[in-house]
Amino acid sequence: MTLLTIAIDWFYVTEKILLISAVLAASLVIAMYSTWGERKVAAWIQDRRGPNRAGPFGLLQPLADGGKLFFKEEIIPATANKFLFILGPSMAMLTACMTSAVIPWGDVLNIAGREVSLQIADINIGVLWVIMVVGMGVYGIMIGGWASNNKFSLMAACRGASQVISYELPMGLSLIALFMISGSPSLKDMVEQQRESGIWNVLLQPVGFLIFLICAFAECNRTPFDLPEAENELNGGYHLEYSSMKLGFYLFAEYINMFISSALMATLYFGGYHFPFMDSLGLSPNTVTILGIGALFLKTFAFIFFFMWVRWTLPRFRYDQLMKLGWKVLIPLALVNMLITGAVVLYRSIGF
Amino acid sequence: MQILTNRAQPVDRRPMTFWEKLYLPAIAKGMGITFKHIFKKKATVSYPEEKRPFSPVFRGLHVLNRDEEGRERCTACGLCAVACPAEAITMEAAERKTGEEHLYREEKYAARYEINMLRCIFCGFCEEACPKEAIYMTETFAPSNFQRKGFIYGKDDLLIPDPKHPITVTKKD
Chain A
1 MTLLTIAIDW FYVTEKILLI SAVLAASLVI AMYSTWGERK VAAWIQDRRG PNRAGPFGLL
61 QPLADGGKLF FKEEIIPATA NKFLFILGPS MAMLTACMTS AVIPWGDVLN IAGREVSLQI
121 ADINIGVLWV IMVVGMGVYG IMIGGWASNN KFSLMAACRG ASQVISYELP MGLSLIALFM
181 ISGSPSLKDM VEQQRESGIW NVLLQPVGFL IFLICAFAEC NRTPFDLPEA ENELNGGYHL
241 EYSSMKLGFY LFAEYINMFI SSALMATLYF GGYHFPFMDS LGLSPNTVTI LGIGALFLKT
301 FAFIFFFMWV RWTLPRFRYD QLMKLGWKVL IPLALVNMLI TGAVVLYRSI GF
Chain B
1 MQILTNRAQP VDRRPMTFWE KLYLPAIAKG MGITFKHIFK KKATVSYPEE KRPFSPVFRG
61 LHVLNRDEEG RERCTACGLC AVACPAEAIT MEAAERKTGE EHLYREEKYA ARYEINMLRC
121 IFCGFCEEAC PKEAIYMTET FAPSNFQRKG FIYGKDDLLI PDPKHPITVT KKD
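Read top to bottom, the protein sequences are chains A and B. Numbering-wise (this note's numbering), the first sequence opens with residue 1 and increments by one. Numbering-wise (this note's numbering), the second sequence opens with residue 1 and increments by one.
These aren't lab readings, by the way, just hints derived from the structure by calculation. The beta-carbon is built from N, C-alpha and C at its ideal position, and this holds for glycine as well. Please note that a few of the clues may not be correct.
Away from chain A, derived, C-beta distances all over 12 Å, residues of chain B [unchecked claim]: (1) L24; (2) I27; (3) A43; (4) T44; (5) S46; (6) S55; (7) L79; (8) C84; (9) M91; (10) E95; (11) K97; (12) F125; (13) F141; (14) D162.
Ranges of calculated distance between the beta carbons of each label pair, as one might list FRET restraints [as the list claims (entries may be wrong)]: (15) B:I27 <-> A:A121: 48 to 54 Å; (16) A:L28 <-> B:T138: 48 to 54 Å; (17) A:L28 <-> B:F146: 49 to 55 Å; (18) A:N149 <-> B:F54: 53 to 59 Å; (19) B:T138 <-> A:I76: 39 to 45 Å; (20) A:S21 <-> B:K36: 39 to 45 Å; (21) B:A111 <-> A:K72: 47 to 53 Å; (22) B:K36 <-> A:K68: 31 to 37 Å; (23) A:Q46 <-> B:E20: 26 to 32 Å; (24) A:L346 <-> B:M31: 32 to 38 Å; (25) A:N110 <-> B:K36: 29 to 35 Å; (26) B:R14 <-> A:L346: 38 to 44 Å; (27) A:S21 <-> B:R14: 31 to 37 Å; (28) B:N145 <-> A:Q46: 29 to 35 Å.
Once the Cα atoms are required to be at most 30 Å apart in a straight line, the calculated BS3-like pairs of lysine-lysine come out as [as the list claims (entries may be wrong)]: (29) A:K151 <-> A:K16; (30) A:K68 <-> B:K132; (31) A:K324 <-> A:K40; (32) B:K155 <-> B:K132; (33) A:K40 <-> B:K42; (34) B:K42 <-> B:K97; (35) B:K155 <-> B:K108; (36) B:K42 <-> B:K108; (37) B:K97 <-> A:K324; (38) A:K324 <-> B:K42; (39) B:K149 <-> B:K132; (40) A:K151 <-> A:K40.
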């Protein structure tokens, strides 16, 4: 009997570990500087200057904020469930970081004869993974609100949970319409298709994109959908009892979510790492790949800016308006969009 | 009803049109407004580096003036203290001795002169009441302090430097 030996490709393992570290580091740094960017954008929109004291242009501000959060007193309420209280922010952080695994950050890099894919996991259920992880994100809010043993936190958490569930549906439906066009739920395939045809999905699915965008705002709990946190009616929201870095984790997770959903929107609807005339420039494949990474990040930053821009423009929804928009407007709209897409796809493939 | 002004606007109670109900055009309009603000001039004055000029009638911290020969003008008459509605000014008078003529302009002078800047309301009545043109208000703020007693300004804080015997560094610099 021979022993079954599993060959481990150490280069593959190393490259994946490096890639995972790079993506995590990038998400954290970008989330960190999103807090700075948010304050800057807010200031610009309100004719102010924003942080400009800590370091050049206030660039050390996130470090100062982080330091402050670390040194603040950590309070766990006596009646709180300690285990869940700590689990809440950890879940929020974990789910926020997990989504990045399926996003293709670029095409393949050719390093010393090896083709290194710049996607952590090219699984053929890519988008389903995203929806699953985003859906799990609500556990962070729900557990946090429940464990605080505070009525206001619980109310806010319930609001967050029902909001995420309500908006998950149209989000999934708008994605189904997208699958009908691409024929594959793998994000890499979707990007490659957009690259080959040169037409970004936003042109084929404008309504789907709009629905996805609105749902992404709701899933990230960003204004105008930031119902889980409402200072005026809920004393703060699901993180009411949280202090120091646990609160920091919740807020930080929101920024990571924003970054990841921006990257996701860029990937799904705006061609990912594809940029116009990508393959006709006559550059070496590695240069094109690196330029592609730049293109993806540019699109992502544009979306992050958009998130902030909306936050400082629109007021928060009333809760019944939020539910009405989700169930009575977006879901029917997504269904109609799906129906029309299906009809067009059928017509294209078999005619009448 | 009689119309009092022509500024009254009738409230538009028409039901919203489909375009208005879409909500997105209104959002786009709002976004346009906020985007324009990004390029607008910022109203902020970066304070310690950039100071806004005060108005000529600004009433800031007080100074005790000297005459052209460098003698203190104040004769401790107490009119400023009487005029002060916040009762911030206290003083003790003393008599000038021979040999001190170069220090004090008249026979009586203020041995102690204190203004409590926490009480002071910067009304400027002291300046108006002074018959000797000894007290004036400047264009500076009281600097912050950790203790209340730091806000009781004595003669050494208030007197302007002697123009005949200039000192390079004043205490408050």
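Against the structure, the hints come out as follows:
A beta-carbon of chain A is positioned within 12 Å of the beta-carbon of L24 of chain B; the least distance is around 8 Å. Look at I27 of chain B: its CB is around 7 Å from the nearest CB on chain A, not clear of 12 Å, so calling it non-interface is violated. The claim that A43 of chain B lies off the interface is violated: its Cβ sits roughly 5 Å from the closest Cβ of chain A, which falls inside the 12 Å cut-off. Distance check on T44 of chain B: its Cβ comes as close as 5 Å (rounded) to a Cβ of chain A, failing to clear the 12 Å threshold; non-interface status is violated.
Distance check for S46 of chain B against chain A: the nearest CB is about 7 Å away, which does not clear 12 Å, and the non-interface claim fails. Taking the minimum C-beta to C-beta distance to chain A, about 23 Å, the non-interface status of S55 of chain B holds against the 12 Å cut. Consistency note on L79 of chain B: stated as away from chain A, and its beta-carbon is indeed over 12 Å from all of that chain's, at 46 Å minimum. Here C84 of chain B stays apart from chain A, with its beta-carbon at least about 39 Å from theirs, past the 12 Å limit.
Every CB of chain A lies more than 12 Å from the CB of M91 of chain B, the least distance being 42 Å, so the non-interface label holds. No Cβ of chain A comes within 12 Å of the Cβ of E95 of chain B; the nearest lies about 54 Å off, and the non-interface call holds. At the 12 Å boundary, the C-beta of K97 of chain B stays outside the reach of chain A, the nearest C-beta of that chain being 54 Å off. The Cβ of F125 of chain B sits about 38 Å from the closest Cβ of chain A, beyond the 12 Å cut-off, so the non-interface label holds.
Against the 12 Å criterion, F141 of chain B stays outside the reach of chain A, whose nearest CB is about 20 Å from its own CB. Taking the minimum C-beta to C-beta distance to chain A, about 39 Å, the non-interface status of D162 of chain B holds against the 12 Å cut. The given range of 48 to 54 Å is broken by I27 of chain B and A121 of chain A, whose C-beta atoms sit roughly 36 Å from each other. Taking 48 to 54 Å as the suggested C-beta distance range, the pair L28 of chain A and T138 of chain B conforms, at roughly 51 Å.
As the Cβ distance of L28 of chain A to F146 of chain B is approximately 39 Å, the hint placing it in 49 to 55 Å is violated. Taking the beta carbon of each, N149 of chain A and F54 of chain B are about 55 Å apart, inside 53 to 59 Å as hinted. For the hinted restraint 39 to 45 Å between T138 of chain B and I76 of chain A, the CB-CB distance of approximately 53 Å leaves it violated. At roughly 42 Å, the beta carbons of S21 of chain A and K36 of chain B sit within the given window of 39 to 45 Å.
Look at A111 of chain B against K72 of chain A: about 52 Å separates their beta carbons, and that is inside 47 to 53 Å. The hint said 31 to 37 Å for the Cβ distance between K36 of chain B and K68 of chain A, and at roughly 34 Å that hint holds. Checked against the hint of 26 to 32 Å, the pair Q46 of chain A and E20 of chain B passes, with Cβ atoms roughly 27 Å apart. The hinted range of 32 to 38 Å is satisfied by L346 of chain A and M31 of chain B, whose Cβ atoms lie roughly 37 Å apart.
The given range of 29 to 35 Å is broken by N110 of chain A and K36 of chain B, whose C-beta atoms sit roughly 46 Å from each other. The beta-carbon spacing between R14 of chain B and L346 of chain A, approximately 42 Å, falls within the hinted interval of 38 to 44 Å. Distance hint check for S21 of chain A and R14 of chain B: the Cβ-Cβ separation is about 60 Å, which falls outside the suggested range of 31 to 37 Å. Checking the proposed 29 to 35 Å range against N145 of chain B and Q46 of chain A shows it holds: the Cβ atoms sit about 32 Å from each other.
A C-alpha spacing of about 44 Å is found between K151 of chain A and K16 of chain A, which places the hinted pair above 30 Å, so the restraint is violated. About 55 Å separates the Cα atoms of K68 of chain A and K132 of chain B, which puts this hinted pair outside 30 Å; it is violated. Taking the CA atoms of K324 of chain A and K40 of chain A, the gap is near 33 Å; set against the 30 Å cutoff, the hint is violated. Our distance criterion of 30 Å between C-alpha atoms is met by K155 of chain B and K132 of chain B, whose separation comes to about 17 Å.
The suggested pairing of K40 of chain A with K42 of chain B holds, with an alpha-carbon distance near 12 Å, which does not exceed 30 Å. Proposed proximity of K42 of chain B and K97 of chain B is contradicted: the alpha carbons are some 59 Å apart, above 30 Å. As the CA atoms of K155 of chain B and K108 of chain B are separated by approximately 15 Å, the hinted pair is consistent with the 30 Å bound. Proximity of K42 of chain B to K108 of chain B is assessed by CA-CA distance (about 54 Å); at most 30 Å being required, the pair is judged violated.
The hinted pair formed by K97 of chain B and K324 of chain A fails the criterion: a straight-line CA distance of about 90 Å is larger than 30 Å. With a C-alpha separation of about 39 Å, the suggested pair K324 of chain A and K42 of chain B falls outside the 30 Å cut-off, and the hint is violated. Taken as a hint, the K149 of chain B and K132 of chain B pair is honoured in the structure, with Cα atoms around 28 Å apart against an allowance of 30 Å. Restraint check for K151 of chain A and K40 of chain A: the C-alpha separation of about 34 Å exceeds 30 Å, so the hint is violated.
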